[in-house]
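Going down the list, the protein sequences come from chains A and B.
Reading the first sequence from the start, the letters are residues 20 to 709 in the working numbering.
Reading the second sequence from the start, the letters are residues 20 to 709 in the working numbering.
Since the hints were made in silico from the structure, they are not lab data.
A couple of the hints might just be wrong.
Heads up, the list lumps identical chains together, so a pair's fine if it works in one copy or across two of them.
Unchecked claim - Derived lysine-lysine pairs resembling DSSO-like cross-links, with alpha carbons at most 30 Å apart:
hint, residue 1, residue 2
1, K549, K638
2, K473, K92
3, K333, K549
4, K363, K37
Protein chains: 2
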Amino acid sequence: GYELLAAERARSNIPVEKLQELLLTKEAIERKRRILDILKSEKVFDKSQNYFSGRMERFERALAREKKLQMLKRKHNWTQEEFRTASELIGEPGPYGLHESMFRITIDEQGTPEQREKFGKPAADYKIIGCYAQTELGHGSNVRGLETTATWNPEDKTFTIHSPHLTASKWWIGSLGRTANHACVVAQLMVDGKSYGPHPFIVQIRDTKTHEPLEGIHVGDMFGYNTMDNGFLLFNNVKVPHISMLARFSSVDPNTNKYVRRGSPSLVYGTLTWVRSTIVMQAGAVLARGVTIATRYCAIRRQFQDRDAPEWEKGENAVLNYTMVQIRLLPLLAATFALHFTGKGMMNLYQENQKRMNEKNAGRDGPSKRGAGPEETQSGSDILADLHATSCGLKALSSSTAAEGLEVCRRACGGHGYSSFSGIGPWYSDYLPTTTWEGDNYMLTQQVARYLLKSARSVLANELPINGAFADFVPPPLDTTRILSTFRSRSEIGCAFDILGSDCDIIAAFAWRSSFLTFEALKHRDEEKKPWNDLLVDFYRLSKAHSQYMVVKNFYEALLSPDTTSKIDADTIDVLWKLFRLYSLHTLEQEGSEFYASGACSKHQIMLARTNAVMKLLKEIRPHAVRLVDSWGFDDWLLDSSLGRYDGKVYEDMFYRASELNPLNRVTVDPYPESDVLFRKIEGEVKSKL
Amino acid sequence: GYELLAAERARSNIPVEKLQELLLTKEAIERKRRILDILKSEKVFDKSQNYFSGRMERFERALAREKKLQMLKRKHNWTQEEFRTASELIGEPGPYGLHESMFRITIDEQGTPEQREKFGKPAADYKIIGCYAQTELGHGSNVRGLETTATWNPEDKTFTIHSPHLTASKWWIGSLGRTANHACVVAQLMVDGKSYGPHPFIVQIRDTKTHEPLEGIHVGDMFGYNTMDNGFLLFNNVKVPHISMLARFSSVDPNTNKYVRRGSPSLVYGTLTWVRSTIVMQAGAVLARGVTIATRYCAIRRQFQDRDAPEWEKGENAVLNYTMVQIRLLPLLAATFALHFTGKGMMNLYQENQKRMNEKNAGRDGPSKRGAGPEETQSGSDILADLHATSCGLKALSSSTAAEGLEVCRRACGGHGYSSFSGIGPWYSDYLPTTTWEGDNYMLTQQVARYLLKSARSVLANELPINGAFADFVPPPLDTTRILSTFRSRSEIGCAFDILGSDCDIIAAFAWRSSFLTFEALKHRDEEKKPWNDLLVDFYRLSKAHSQYMVVKNFYEALLSPDTTSKIDADTIDVLWKLFRLYSLHTLEQEGSEFYASGACSKHQIMLARTNAVMKLLKEIRPHAVRLVDSWGFDDWLLDSSLGRYDGKVYEDMFYRASELNPLNRVTVDPYPESDVLFRKIEGEVKSKL
Ligand SMILES: Cc1cc2nc3c(=O)[nH]c(=O)nc-3n(C[C@H](O)[C@H](O)[C@H](O)COP(=O)(O)OP(=O)(O)OC[C@H]3O[C@@H](n4cnc5c(N)ncnc54)[C@H](O)[C@@H]3O)c2cc1C
Ligand SMILES: Cc1cc2nc3c(=O)[nH]c(=O)nc-3n(C[C@H](O)[C@H](O)[C@H](O)COP(=O)(O)OP(=O)(O)OC[C@H]3O[C@@H](n4cnc5c(N)ncnc54)[C@H](O)[C@@H]3O)c2cc1C
């Protein structure tokens with residue numbers, strides 16, 4: 020395989036290092052290399068038995084790794100970034116996972132200074148180890164429906180936490196099962212017989228010395244991931260002090276025994292948007308891992324001769340040369356870039372807006388330092404609402420694309436794809452819940468639709484002559500409002516987009532389809548008064564259409580931006596444009612009937628997109644495929660895959676793992692049905708359990 | 020959950036027992052119950068630890084189960100059917116798997132009477148335990164490319180089996196890794212320096228006493244399934260006697276040292292068709308398992324209130340009432356029936372044809388006993404070719420539908436779907452390779468296309484006036500020829516199908532689209548002379564289109580057949596017709612642009628199919644959903660799922676499994692990073708390995 024990959028790499032001029040810097044930044048690359056060296060030198064991080072071990076062993080090893088990681092963090096004085104890099108390289112969810120990602124952040128964001136001192140400090144030192152206990156056996160997405168109660172006791176100024184039914188049991192809570200000694204518990208606040216909805220409480224659940232559960236607490240592992248202790252938790256009237264309720268935004272006044280609210284937690288709302296943008300950007304990288312493995316392997320794997328190959332080319336064909344393999348892998352390769360740039364674009368927008376809002380909050384309500392540029396005429400919170408809705412749609416689209424794409428990659432590898440050693444399957448199953456948490460992908464689409472309907476209503480309400488005489492005096496709308504207005508203003512005239520000849524017409528066609536579906540949905544809801552439930556499928560399609568528009572638009576803008584063009588040579592940018600077209604036209608063709616129905620494209624254009632444009636792009640991108648995946652810069656240690664090795668030594672590595680690392684090969688069985696003996700002989704220390 | 024499912028069941032009149040008899044037959048149901056009782060009473064079949072154990076433990080237990088099963092088979096004198104039922108109920112691939120399914124069958128089909136005596140007999144008694152070793156590390160689908168050689172030695176009348184390279188290592192071979200002592204090895208036969216292509220050899224690989232590998236043989240487990248020992252195998256010039264080569268269809272004459280062929284192995288070809296038809300029928304049941312679990316759970320799971328629900332219905336809504344859940348699950352429910360009837364239809368056709376061929380072979384070449392009915396005018400082998408091609412396409416379509424559908428079911432269950440206790444995930448991953456073996460699903464589509472192109476060419480060559488004056492004298496064509504001719508004869512006139520008003524017009528529309536795509540592909544290949552490789556994507560679509568046509572047609576015919584109408588009441592048949600329409604129209608809408616492009620439907624019809632017809636069908640089928648899945652008759656023991664329990668006790672069962680069965684809960688960890696202790700205390704016998 021070595022020469023085959025070398026030949027692939029020789030065939031293309033993509034500057035791998037440069038492109039990698041564009042994707043990841045120079046400093047992230049350097050950081051990764053540095054940390055990788057440290058990890059590789061520690062025996063506890065050795066991955067060679069991961070694929071063979073059972074639950075107990077894997078959990079035990081995962082705990083050892085998490086501990087070692089903490090000690091390394093202290094020793095090397097790692098920043099949070101460095102620590103995150105290390106976690107990513109290890110690549111498995113671990114028992115401290117939710118302590119880092121949710122428990123500490125929630126205290127920071129929703130706690131008072133006093134609470135940050137009391138809980139946050141020891142949490143930073145791992146004296147307190149916590150988790151985030153919101154979901155219950157009976158309720159997940161419907162947070163208002165949670166059953167755990169926190170009842171205020173005026174007499175002794177405490178809360179009583181209680182689980183009234185089995186379905187109130189906290190469930191799925193990462194790090195809770197065996198590891199945490201505290202939990203951030205989301206419970207219905209009850210004051211004076213009245214319910215005030217779900218609020219967060221910091222509750223100690225295990226003794227900090229013995230690590231045994233405290234009285235009134237039933238806690239355990241419910242078996243989610245192998246390497247993480249997702250847990251359950253039931254309270255039998257457990258009393259906690261007043262300080263337990265995280266009180267930055269609301270609290271119970273111990274003197275008046277009244278519920279007090281302190282402003283709206285819009286910061287938290289913003290954080291959600293941020294988290295979702297991260298998921299979008301990560302989705303690109305997650306998928307890129309699968310695409311890297313499959314592309315490298317399919318460049319090495321040879322199977323059959325090409326039916327029409329000339330006599331002198333009678334060797335077997337690399338399966339990556341078959342168009343049926345290309346059509347599965349190359350659009351996904353394009354999607355990795357599309358999602359990456361989209362996530363990045365979202366995060367930039369978000370950060371800019373936060374900055375602007377902070378500036379405003381700092382008292383500059385008039386023209387800001389940056390001058391009354393067009394952004395300023397739009398209020399920051401409107402933009403936040405727009406960003407929030409978009410991030411919901413994009414989270415759903417991108418995590419579905421990544422999850423489903425990984426399975427396509429796995430299958431493209433034929434039989435060997437099914438082996439754990441491919442590295443795709445285990446990675447896929449760890450990633451899967453991303454489609455469900457942080458908002459179930461199907462349900463998020465309702466939020467996107469709601470926002471689009473609202474925007475469409477306001478476009479209808481004050482129909483502005485965008486292209487008219489007063490254009491200059493009209494505040495420039497948000498992008499969503501803009502495309503809806505444009506559609507509206509041209510809906511009589513119709514459109515004519517040259518999707519095969521012009522990149523910006525592609526964007527316009529996606530915008531047109533999204534707008535068309537928005538007004539269709541609006542008609543169903545507002546004019547025909549259809550029930551909300553009858554429209555969910557339309558909403559789902561609408562959200563998908565709008566999110567796809569966002570992706571192609573972000574990809575397009577990223578390729579035009581000086582940030583890209585200044586870093587990369589023209590030939591490479593040209594290849595990136597081809598990826599842009601492949602992603603866009605392949606998507607367009609897949610969703611052909613919507614584009615057609617909206618009038619954005621003709622039947623003929625859609626057919627040409629498929630039979631000509633896409634097939635041609637596959638051919639043009641094919642020679643660069645290996646270098647393009649190389650640019651994602653995944654280290655072999657991270658990939659942990661026989662098929663995806665950088666050096667192409669696929670078969671040697673598979674054979675080594677199977678014959679040398681595989682513990683079952685230490686066993687001689689007794690194969691005959693009449694004999695009760697199962698394992699006759701076991702070399703080494705493996706022990707029979709039956 | 021109990022009352023909720025009871026209420027669901029009370030709301031529909033579907034006669035569960037009757038429908039189950041139609042699907043499975045009375046005797047299969049009775050057989051299953053009888054065998055289930057036996058299995059449940061044996062401790063070794065207890066499933067409660069399956070989800071927690073590691074590879075070694077699972078394999079050991081799987082071996083114990085296989086042995087017990089053999090002993091039970093002997094004790095109760097089980098038929099092969101009864102034995103298969105037992106295996107299905109246990110529901111995991113086991114170490115004897117390939118011995119039963121491939122090794123013994125290959126000897127039977129390809130061996131001479133002498134070989135059946137020598138190898139087949141002791142194999143039946145499990146003195147010889149075998150596997151089927153075809154695939155190699157370097158070659159799977161391309162069987163001609165296998166590298167293992169079997170060289171004829173004229174001097175001592177033996178063959179030398181040899182693996183020239185690492186990539187020649189047999190790979191993925193089920194039952195080989197630890198269990199088998201013999202293998203049916205497919206190797207390139209070399210006689211006198213000339214290669215005669217791959218042939219099967221029975222080779223002993225382990226000592227029957229010590230079970231150690233024989234000299235020159237390197238064999239081991241390569242880690243595929245947890246409960247099965249897929250293995251690798253390398254030969255270093257191993258000599259085997261003349262009788263090793265399975266010689267029913269070809270052999271080396273030991274006297275002349277010449278290669279001799281004895282007729283074509285069309286029986287084997289037929290067997291492949293049979294195996295694929297089985298996969299189609301099983302795909303229905305495989306998917307039904309996931310649909311059963313998800314439907315029952317979504318009928319119990321309550322989340323949110325309906326936004327438009329009237330005041331007096333303010334409880335939480337069963338998620339199965341959300342159209343966005345229905346559109347994911349109910350078309351899959353329809354698909355389970357569609358695939359089942361299609362598989363059954365294929366198998367009937369195949370059996371009839373075999374019977375006819377046997378009769379012919381028995382000397383009745385003229386009008387047979389059954390009279391010169393129309394079937395007789397078509398030669399059996401043409402029908403076999405048609406069946407073979409169709410079975411390829413249907414195998415691909417049905418196994419992809421089942422595999423992808425299972426993941427849709429899992430995701431429909433939200434967070435709990437991700438838990439192993441849902442029973443869907445583990446089942447999905449065991450099923451997945453079905454999309455790759457017995458012909459990779461993507462590659463099979465080339466065979467379908469090749470057949471369709473051939474048929475289209477012959478239609479073009481002797482354009483018959485199907486509706487003309489001579490219709491009665493013309494031999495009635497195969498169904499494929501029929502639809503292609505019809506399309507051809509009307510291609511100038513066009514068509515007008517009332518897909519929303521007439522069920523038989525639905526079938527015609529599917530036939531039309533398939534024919535349209537066939538002639539399009541033919542034009543690309545024969546007129547435009549496009550390379551084969553450039554057309555693979557078109558072929559894939561064509562095969563899918565044709566297979567979908569076969570499915571709707573088989574479903575349609577099954578509902579009209581007296582076999583169905585005599586067994587089931589009219590109301591239930593009415594519901595089955597709704598499932599037929601849901602499957603067909605949902606498929607049609609998904610593939611809208613092809614139907615539109617072919618002219619089979621108008622844009623308006625496709626839009627109506629989605630917004631009106633499909634949404635209406637969902638509403639109409641919804642009340643029957645639980646009883647419809649009940650009709651598949653899966654026992655709780657088989658499902659092994661908390662979410663899919665017949666009695667609806669979802670939460671109780673999840674909690675029980677997590678808290679009582681889960682071995683990690685016997686462990687108290689030391690959670691602090693500074694401490695090297697991992698597991699502080701372990702109740703019972705669990706042992707730390709680090
Ligand atoms: C691996 C993993 C780790 C997790 N870690 C944590 C953790 O650390 N802490 C924590 O608090 N939680 C955690 N969770 C829980 C997770 O956040 C929830 O599972 C998730 O929010 C989904 O909620 P649910 O399971 O209740 O889905 P449900 O709401 O029950 O969804 C079931 C189905 O109904 C559909 N549906 C529901 N409502 C509607 C509606 N109104 N309209 C249309 N369709 C609807 C959904 O689309 C879905 O198909 C974890 C989950 C997993 C899988
Ligand atoms: C769990 C499991 C159990 C198995 N058990 C056995 C067993 O007991 N005995 C045994 O002999 N084998 C067994 N196999 C092997 C199995 O039959 C092969 O893996 C299967 O035939 C696929 O072949 P491959 O892996 O070589 O795929 P490849 O041919 O290498 O396919 C790789 C990719 O290339 C594509 N491709 C290849 N050729 C072409 C072409 N001409 N045109 C277009 N695309 C192409 C494919 O679609 C695929 O995406 C098993 C496999 C698995 C996963």
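Checked hints:
no.	hint	verdict
1	K549 <-> K638	between (47 Å within a copy, 14 Å between copies)
2	K473 <-> K92	neither (48 Å within a copy, 67 Å between copies)
3	K333 <-> K549	between (62 Å within a copy, 19 Å between copies)
4	K363 <-> K37	within (18 Å within a copy, 58 Å between copies)
Checked against the numbered hints given earlier, this structure breaks only hint 2.
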